[in-house]
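Participant: Sequence:
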Amino acid sequence: MEQWAAGYWALVDAERRPSSYSSQEVRKPAYEVLEDGRNGLLVGAGDVDGLTAAIQRFFADEGLRERLREAAAGSVRRLAPDQIYPRYEAILQEAAR
6 MEQWAAGYWA LVDAERRPSS YSSQEVRKPA YEVLEDGRNG LLVGAGDVDG
56 LTAAIQRFFA DEGLRERLRE AAAGSVRRLA PDQIYPRYEA ILQEAAR
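Counting along the sequence shown from 1, when you hit position 50 you're at 55 in our numbering, and nothing is skipped either side.
In short, the hints are calculated from the structure, not lab data.
Take every hint as true, because none was put in to throw you off.
Pairwise CB distance ranges (calculated):
#1 87 - 50: 32 to 38 Å
#2 91 - 41: 28 to 34 Å
#3 99 - 54: 47 to 53 Å
#4 99 - 78: 26 to 32 Å
#5 49 - 79: 24 to 30 Å
#6 98 - 53: 43 to 49 Å
#7 94 - 65: 43 to 49 Å
#8 92 - 58: 35 to 41 Å
#9 42 - 83: 16 to 22 Å
Bear in mind that the values here come from a model prediction, so they are computed numbers and not experimental data.
Built from N, CA and C at the ideal position, the CB exists for glycine as well.
Turn these sequences into a full structure, and let the hints guide you.
Facilitator: Laid out in structure tokens, this is it:
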């Protein structure tokens, strides 16, 4: 599995759990899951000060933490195994014909 794919699925798994996620900006697949300020906090790659500020903001604002947690699970629901496996199966069945 490519490195970005492993990271992508780790991110999806993290979003399904009752917690929030802060991340530095990564390759495009993360944008399918994370929206800055809605279900996570994003900062530019290598931006240590920005990451520090995002972490401080997260822990200082209980309302923000709760909003991010609530939005996180819903943002990956469409990628849950019971949703995505039937799509994979249909694609593979079509390819096998």
